[in-house]
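Colleague: Residue numbers (full-length UniProt numbering): 1 to 366.
In short, the hints are calculated from the structure, not lab data. None of the values given here were measured: they were computed from a predicted structure. Possibly wrong hints are sitting among the right ones.
Between beta-carbon pairs, the in silico distance windows are [unchecked claim]:
1) Met-265 x Asn-81: 36 to 44 angstroms
2) Thr-184 x Met-265: 28 to 36 angstroms
3) Arg-239 x Lys-307: 21 to 29 angstroms
A virtual CB, placed ideally from N, CA and C, is assigned to each residue, including glycine.
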Amino acid sequence: MKTYQTLFTPLKVGNLVLKNRITLAPMFLCYGNSDGTVSEKMIEFYARRAKAGVSMLVVEASAVDAKGVGLSKMIRADSDNYINGLSKLAKAIKDAGGYAVLQLYHGGRYSQQPIAPSPVETYLAPEKKIIPKEMSIDEITDLINKFGEASERAIKAGFNGVELHGATGYLLAQFISPRTNKRTDKYGGSFENRIRFPLEVVASVREHIGKECLLGYRFLPDEWLPDGFTLNEGKILARRLEKASVNYLSCNAGTYESWFLPDIMKLTSKHGYQVDITYEIKQEVKIPVFANGRINTPDLAEEIIRKGKADAVALARPLFADPEFVQKIMEKGTDQIVECVNDMQCGRQTSQGLDAVCSQWKKVTA
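Please take these sequences and the hints and turn them into a complete structure.
Modeller: Spelled out as structure tokens, the structure:
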């Protein structure tokens, strides 16, 4: 049976030591309850993957504000009322052997109550002409504090740390992008002004959780749009986030507005399509950098780590398709892994408000 020595070497991330280089990337599952609380189904999902050997599990987007909820059955962290359910989830993950990290999220113009740095039309529903409300300075200040308060709740609930969702075109990404940020005040215009909001969010979170807890950032290195946030800007922001005490960057290039462009669709059809851009960011910082993007096989994951392209891999759909992905690498052989076929059945389900399911689960032994 083939061994994957590099993939199973420990990695220090902040004050945590990961037992291997395989982490669970955040993936919206629609498994939460309709009131924003954690369900038993969600707890079972994460605990099963932790038990099978995933070193660190980043729990899917948790809204820091009621107005920032993007989809139905999204979990929330904007009130102490949610701490009990989050505590059960964190405990289940840690009891099963993994580190628990809660991703903090605000949808911005993709929220059910759309707000944004500027009133730029929401591309996902052009037929509805959804124009988000431009945020006032007071609303920006309030939301910076809400990110901090939500992070404190996560730590009180027992999570080892939090990850800020700064990618995919959600609120933090909307501020850094010249495409969606047309402001003329201190939060818009120049590059320094556009990155002000995410940096102030980072500062607020660090103040609320202290120096010892893990703070990660789901990082947008490049929007892949001609009028968007660029890789050169991404390199500078990466260094600024490191200086601001972020402990790791999980790179995820592109947004909802770029992924359906013909050239980008061709790029994203390839296995490991984000590895090269991740390496560009890795060369800019000393903190760990995680690679994402169709890393479907152990061989590819091992190669990425062995060649120094990234410090760890963040897998979502491969671990969704096969809960025992990591355990099978260690104990049963990779030929036993049920591979993600990228048919996006999981995504089609959640986009309709239905629980995520995988077409390959019929091949997984319960």
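Colleague: Indicate, hint by hint, whether the structure satisfies it.
Modeller: Hints, verified against the model:
1. Met-265 x Asn-81: 36 to 44 angstroms: With Cβ atoms ~41 angstroms apart, the hint holds.
2. Thr-184 x Met-265: 28 to 36 angstroms: Holds - the Cβ-Cβ distance for Thr-184 and Met-265, about 35 angstroms, lies within 28 to 36 angstroms.
3. Arg-239 x Lys-307: 21 to 29 angstroms: Once the Cβ atoms are compared, 23 angstroms apart, the range 21 to 29 angstroms for Lys-307 and Arg-239 holds.
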